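2 protein chains.
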Amino acid sequence: MTTPSLIAADWGTTNFRLFLYDEAGKVIARHAANIGLKNLGVLTFEQALLSVLKDEFAGLEHLPFLLSGMVGSRQGWVEAPYAACPADLQTLVDGLVRAPSEKLDVSIVPGLFAESPGTGLLNVMRGEETQIFGLLKSDPTDGFMVLPGTHSKWALIRDGQVQSFSTHMTGEMFQVLKAHSILGVLMENSTDNEEAFLKGIERGMYNRAFLSVIFSVRTEALFNNIAPAHLSAYLSGILIGSEIIAELERHGPSPVRLVGDGALVDLYEKALAFAGFKDVTRFDGNAASEAGLWAIHKLRTAQ
Amino acid sequence: MTTPSLIAADWGTTNFRLFLYDEAGKVIARHAANIGLKNLGVLTFEQALLSVLKDEFAGLEHLPFLLSGMVGSRQGWVEAPYAACPADLQTLVDGLVRAPSEKLDVSIVPGLFAESPGTGLLNVMRGEETQIFGLLKSDPTDGFMVLPGTHSKWALIRDGQVQSFSTHMTGEMFQVLKAHSILGVLMENSTDNEEAFLKGIERGMYNRAFLSVIFSVRTEALFNNIAPAHLSAYLSGILIGSEIIAELERHGPSPVRLVGDGALVDLYEKALAFAGFKDVTRFDGNAASEAGLWAIHKLRTAQ
Numbered sequence: 001m002t003t004p005s006l007i008a009a010d011w012g013t014t015n016f017r018l019f020l021y022d023e024a025g026k027v028i029a030r031h032a033a034n035i036g037l038k039n040l041g042v043l044t045f046e047q048a049l050l051s052v053l054k055d056e057f058a059g060l061e062h063l064p065f066l067l068s069g070m071v072g073s074r075q076g077w078v079e080a081p082y083a084a085c086p087a088d089l090q091t092l093v094d095g096l097v098r099a100p101s102e103k104l105d106v107s108i109v110p111g112l113f114a115e116s117p118g119t120g121l122l123n124v125m126r127g128e129e130t131q132i133f134g135l136l137k138s139d140p141t142d143g144f145m146v147l148p149g150t151h152s153k154w155a156l157i158r159d160g161q162v163q164s165f166s167t168h169m170t171g172e173m174f175q176v177l178k179a180h181s182i183l184g185v186l187m188e189n190s191t192d193n194e195e196a197f198l199k200g201i202e203r204g205m206y207n208r209a210f211l212s213v214i215f216s217v218r219t220e221a222l223f224n225n226i227a228p229a230h231l232s233a234y235l236s237g238i239l240i241g242s243e244i245i246a247e248l249e250r251h252g253p254s255p256v257r258l259v260g261d262g263a264l265v266d267l268y269e270k271a272l273a274f275a276g277f278k279d280v281t282r283f284d285g286n287a288a289s290e291a292g293l294w295a296i297h298k299l300r301t302a303q
Numbered sequence: 001m002t003t004p005s006l007i008a009a010d011w012g013t014t015n016f017r018l019f020l021y022d023e024a025g026k027v028i029a030r031h032a033a034n035i036g037l038k039n040l041g042v043l044t045f046e047q048a049l050l051s052v053l054k055d056e057f058a059g060l061e062h063l064p065f066l067l068s069g070m071v072g073s074r075q076g077w078v079e080a081p082y083a084a085c086p087a088d089l090q091t092l093v094d095g096l097v098r099a100p101s102e103k104l105d106v107s108i109v110p111g112l113f114a115e116s117p118g119t120g121l122l123n124v125m126r127g128e129e130t131q132i133f134g135l136l137k138s139d140p141t142d143g144f145m146v147l148p149g150t151h152s153k154w155a156l157i158r159d160g161q162v163q164s165f166s167t168h169m170t171g172e173m174f175q176v177l178k179a180h181s182i183l184g185v186l187m188e189n190s191t192d193n194e195e196a197f198l199k200g201i202e203r204g205m206y207n208r209a210f211l212s213v214i215f216s217v218r219t220e221a222l223f224n225n226i227a228p229a230h231l232s233a234y235l236s237g238i239l240i241g242s243e244i245i246a247e248l249e250r251h252g253p254s255p256v257r258l259v260g261d262g263a264l265v266d267l268y269e270k271a272l273a274f275a276g277f278k279d280v281t282r283f284d285g286n287a288a289s290e291a292g293l294w295a296i297h298k299l300r301t302a303q
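Which chain is which? The protein sequence lines are R and B, in order.
Just so it is clear: in the first sequence, position 14 is 14 by my numbering, and no numbers are missing.
Just so it is clear: in the second sequence, position 89 is 89 by my numbering, and no numbers are missing.
By construction, these hints were calculated from the structure, which means they are not laboratory data.
Worth double-checking, as some hints may not be accurate.
Remember, identical chains collapse to one label, so a pair may be satisfied in a single copy or spanning two.
Lysine to any residue pairs mimicking SDA-like chemistry, simulated, CA-CA at most 25 Å apart [stated by the list, open to error]:
{"#": "1", "residue 1": "Lys270", "residue 2": "Arg208"}
{"#": "2", "residue 1": "Lys137", "residue 2": "Gly276"}
{"#": "3", "residue 1": "Lys137", "residue 2": "Pro228"}
{"#": "4", "residue 1": "Lys38", "residue 2": "Phe223"}
{"#": "5", "residue 1": "Lys38", "residue 2": "Lys178"}
{"#": "6", "residue 1": "Lys270", "residue 2": "Tyr206"}
{"#": "7", "residue 1": "Lys298", "residue 2": "Gly276"}
{"#": "8", "residue 1": "Lys137", "residue 2": "Gly160"}
{"#": "9", "residue 1": "Lys178", "residue 2": "Thr150"}
{"#": "10", "residue 1": "Lys38", "residue 2": "Asn224"}
{"#": "11", "residue 1": "Lys270", "residue 2": "Asn39"}
{"#": "12", "residue 1": "Lys178", "residue 2": "Gly149"}
{"#": "13", "residue 1": "Lys178", "residue 2": "Gly120"}
{"#": "14", "residue 1": "Lys54", "residue 2": "Pro228"}
{"#": "15", "residue 1": "Lys178", "residue 2": "Gln75"}
{"#": "16", "residue 1": "Lys270", "residue 2": "Asp139"}
{"#": "17", "residue 1": "Lys38", "residue 2": "Ala302"}
{"#": "18", "residue 1": "Lys178", "residue 2": "Thr13"}
{"#": "19", "residue 1": "Lys178", "residue 2": "Arg208"}
{"#": "20", "residue 1": "Lys137", "residue 2": "Gly171"}
{"#": "21", "residue 1": "Lys278", "residue 2": "His251"}
{"#": "22", "residue 1": "Lys54", "residue 2": "Gln161"}
{"#": "23", "residue 1": "Lys137", "residue 2": "Leu40"}
{"#": "24", "residue 1": "Lys298", "residue 2": "Gln161"}
{"#": "25", "residue 1": "Lys38", "residue 2": "Ala179"}
{"#": "26", "residue 1": "Lys278", "residue 2": "Ile182"}
{"#": "27", "residue 1": "Lys278", "residue 2": "Val52"}
Source: prediction; values computed, not measured.
Sequences and hints are given; from them, build the entire structure.
Here it is in structure tokens:
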């Protein structure tokens, strides 16, 4: 029989995923709830968390709580300021912030910030740092850690540290152009299409005039070169190609650990192969969060 | 006393601007109406045009009519297919298409299409070709003709011809990101700010990872480096800088004729100066349309 020892959660803008750990760090229960930051309504963070506990985990309110994600932003429960890169697991432990609560013992993991090497551009992440250190726990080798998504992150790992990282607004750009620009107008019943996707990857990689290349989504349709149902795959290719070439030029085809789930990670795998990355491995995003939250907890309690 | 000889119009998706010419090509009356393609409602193109004539130009229905712009697109009155570059004024005359009308003698100017040199990307324009040849009539020198806007056009002029051109979705990208992306969230009471604009130009020119650079609109705000009221100027700078560097790299700092009106052209003038273009002159966009429509009419009737 196992004894519960920690409740942790990845608490973001839309998602809330809770993990209950035993004393050995094994996850013995998982729970998702619709209390992302934008769905809280009139509830405080404490009330929202208590309601989840009451429904699903009664009697466990005495456990320590550890939260990562946007819950630590300025709009969150309490701000856990971004910690600077280079950063290791200890950096996250040092940056933990206690959330104000009368009933619960809650700590929040800080996000990270970095200047992109060579450009002076500032970058921030919240939640991904926990996934990254979760994966580094079992495999601390150097290379890229890539987390595709709304705001894709490319972290440079060296000596078990996050040296620096960049953000690419690839996922959000895709949604916004599809829903709100002229490029979405001719798109129909989108289906995956490898040919159109790879054509987009090639165009996005080898033509750096981004604002010009994307207009070809319209002209390729006007001249019947790409079917309306494949335009979305073509646009997706251009965007992912544009993201990949920027990192490839700066850092070469380093080994990549690709973190995430489902169809999006499939696309990145194809695109990275096309771009000449030879050493690409993929990891489950939820498992990475689970491992990272436990690693932070262990290091904190060992001190 | 002057005799009316031609009615011409620039008829686009949102705008309709009509010009009445005397026999010497002087514009003796102008009229704007709210009958852009998206505002036509149940009216046919012929009905819409007749209603404008009835209200403002009664008795002139016997004149020849010449129309340019989206009225010649697949969604227009009749399609005037895109003519291929290189193109000169004769190309436009050869591509004129008669619109079906029982009461009026209407011809529509074709748009142009081109493959961007070196990239294979297709480009199209409708309306701008008429402005370009209007300006070339008085000044046929080589260089760039640049028409900033929703979809900015950079036409390469050589020997009085449009050799080729590119499109940059700069204006639309600005609107879409401001209204529908996370980058608009922190923007407040936007005001012009030269410092933020030039910082954006520099970042957009010297950092080619477009999807990454734009995320700095958010981080520069998070770290209080740029005031919320200046974020919009900063984003605008990134986009225009990104447009300009692409053309500068391909074709060098050729002389630029900048065509348009108002604040947007002011911004491009500043940005081009920053980018090292020495020979930049500006021209009024409406005057260019007027001159172009007359030039097409003259060449047609001389034959």
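| For this structure, which hints from the list above don't hold up? | 2, 3, 7, 11, 14, 17, 20, 22, 23, 26, 27
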